[in-house]
Amino acid sequence: MNIDFRKSGRITKDILLHILIYALALATIAPFIWMLLTSVKDIGDIFVYPPKWLPSKFHFENYRRAFQAAPFGRYYLNSLLVALTVTIGQLITCSMAAYAFARLQFKGREVLFYIFLGTMMIPYQVTMIPSFMVLYWLGWIDSYKAMIVPGLASAFGTFLLRQFFLTIPKELEEAAYIDGCGKFRVLWQIIIPLSKPALATLAIFTFMGTFNDFIWALIVVNSDHLRTVQLGLAIFRDRYITDWDLLMAGSVMATLPILIVFFFAQKYFIKGITLSGIKG
Amino acid sequence: MPSKNAGIGKTTVIRRDRNSKKNILPALGFLSPTLVIFCTFVLFPVFFSFYLSFHKWNMFSSGQEFIGLANYRRLFSDPEFWMVLKNTFIYTIGTVPLNMVISLLTAIILNRQIAGKRFLRTAIFTPVVISPVAAALIWRWIYDPNFGLLNYLMNLVGLPAVNWLNEPKAAMIALIIMGVWKTYGTNMVLFSAGLQGIPDHYYEAAEIDGAGWWSKFWNITMPMLTPTTFFIMIMSMISSFQVFDIVYVLTSGGPLGATKVMVFYIYENAFKFFEMGYASAVAYVFFAILAVLTVFQVKFMQTRAGYEAV
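From first to last, the protein sequence lines stand for chains H and S.
All the letters of the first sequence, read from the start, carry residue numbers 1 to 280 under this note's numbering.
All the letters of the second sequence, read from the start, carry residue numbers 1 to 310 under this note's numbering.
In short, the hints are calculated from the structure, not lab data.
Remember, predicted model here, so these are calculated numbers, not experimental data.
Just so you know, not all the hints are guaranteed correct.
As the list claims (entries may be wrong) - Partner residues aside, some chain S positions facing chain H, computed with beta carbon under 10 Å:
1. 33
2. 36
3. 82
4. 116
5. 136
6. 155
7. 157
8. 159
9. 162
10. 220
11. 221
12. 224
13. 273
A virtual CB, placed ideally from N, CA and C, is assigned to each residue, including glycine.
Please model the complete structure; the sequences and the hints are all you need to start from.
So this is what it looks like as structure tokens:
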């Protein structure tokens with residue numbers, strides 16, 4: 001009797017926990033579902049009270065209208081260009097720097113590395129204004145270079161890869177050195193192929209950060225043809241304040257690439273978060 | 001084979017030591033791209049913005065005029081600066097504890113036998129990865145006073161409609177709700193990692209002693225999670241202090257400056273009013289506040305939990 005009672009109590013608790021966590025998860029994704037559904041609604045289905053979840057008819061042409069109202073295609077290309085260049089650039093610069101920190105013995109290595117780590121603590125607001133000035137002096141304001149070049153190195157990425165490189169056994173490289181390989185070839189042909197998980201984590205994190213970046217693009221870009229999706233969407237908001245069908249279609253477009261990458265490479269996102277957690 | 005390998009290892013080690021000086025050039029080669037970017041966009045800016053904070057400069061005039069501490073004096077006597085500081089604190093105090101409670105609760109539940117864990121984790125983590133601009137736009141629509149989802153749901157449970165984004169107090173609450181929604185997935189992942197690090201036999205031993213759920217939570221989970229909790233607290237605080245994108249899109253700092261936060265104020269002064277010197281001074285004060293708060297928390301945790309942080 002007593003045991004049965006405890007058992008049923010445990011089951012009730014389990015059910016309650018399930019209800020709680022599912023309610024929370026549903027509340028968390030409800031805004032996305034609301035965005036998706038609004039993006040294909042007729043304006044008549046949008047301004048109704050009480051709100052209707054499902055559209056009476058699916059208006060996929062809202063997306064076409066959004067593309068006509070603003071050059072989202074161009075914004076997309078800009079975003080992809082900037083995000084991909086920065087990601088590839090960081091993979092190269094960070095692995096090179098990480099290799100130097102992990103494998104080459106030179107004077108001042110430790111000091112330099114700690115200076116590097118220390119700068120991760122500096123909030124970007126402090127460096128934002130002078131970085132803008134540097135770009136202004138170079139005549140790079142309002143160009144792709146302004147969006148790309150400052151992102152071509154990363155203390156976090158260097159740190160992440162260095163930690164990974166340190167776990168790779170040295171014997172492999174030493175055999176290659178004996179065979180007369182240069183340092184660059186060792187990095188390229190031995191270390192890089194062994195570091196795919198770390199490189200994937202860095203790539204995904206950098207891509208996400210750059211694709212979602214807003215403030216930097218807002219500061220350094222004025223021309224419409226250089227705007228990224230995020231910047232274009234924010235400006236779209238000012239022009240079509242209550243055209244929720246178009247605004248939600250634009251939002252779907254601005255979130256889609258990251259969501260797709262996220263669903264297919266979730267473990268790297270999780271790993272990146274945990275790694276950035278460990279670094280502190 | 002093994003002995004041969006060992007021999008190779010030894011000779012290379014000796015050679016490397018002798019070559020420590022020679023390595024400088026290749027090392028510089030490997031580091032140069034990173035160093036160039038780093039010096040131009042991190043190191044130089046850190047010093048230059050400090051220098052700028054003692055100058056008056058609108059960026060277009062040829063020279064910077066030295067004005068000593070005038071920017072700092074102006075900042076401390078500017079009521080708008082104090083309002084912005086207060087808003088930033090309200091946002092931080094509003095988001096960080098709420099965020100931590102929800103994310104810890106979620107992590108604890110997901111650490112148990114739950115059906116559909118993968119789906120739940122994905123759902124909870126999704127807001128973290130999407131763009132803040134799009135996220136804020138979705139919430140603008142949810143907060144719409146007449147046709148928004150939130151007012152409708154509140155009406156269902158008998159609460160009065162709120163003009164979320166147009167009343168100062170409501171706008172801050174709206175910003176906090178959205179801020180927690182956007183970020184609690186990160187902390188859920190970090191707490192989950194922390195929970196997985198607690199050995200099962202601690203709980204098993206406690207169960208043998210007849211410990212209940214609360215006792216296990218309070219005497220095992222919480223103490224074992226102290227490093228994680230501490231880290232999450234500092235990181236959440238720092239990122240709440242730096243909030244900008246969602247403010248820009250959700251409320252633009254309004255109404256009546258009720259959601260104008262520190263970074264928004266820096267942005268406005270630097271890139272709308274071109275007060276580069278003043279904005280740099282604000283940025284440095286902001287940096288100092290963050291640093292002091294972090295140090296204070298480290299000290300507090302060390303004395304409270306006897307835990308060596310960092």
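Status of the hints after comparison with the structure:
1. 33: holds (4 Å)
2. 36: Holds, because the Cβ-Cβ distance from residue 36 of chain S to chain H comes to roughly 8 Å (cut-off 10 Å).
3. 82: Result: violated, 18 Å to nearest chain H Cβ.
4. 116: holds (8 Å)
5. 136: holds (9 Å)
6. 155: holds (8 Å)
7. 157: Violated, about 13 Å.
8. 159: violated (15 Å)
9. 162: violated (15 Å)
10. 220: violated (19 Å)
11. 221: violated (15 Å)
12. 224: violated (16 Å)
13. 273: violated (12 Å)
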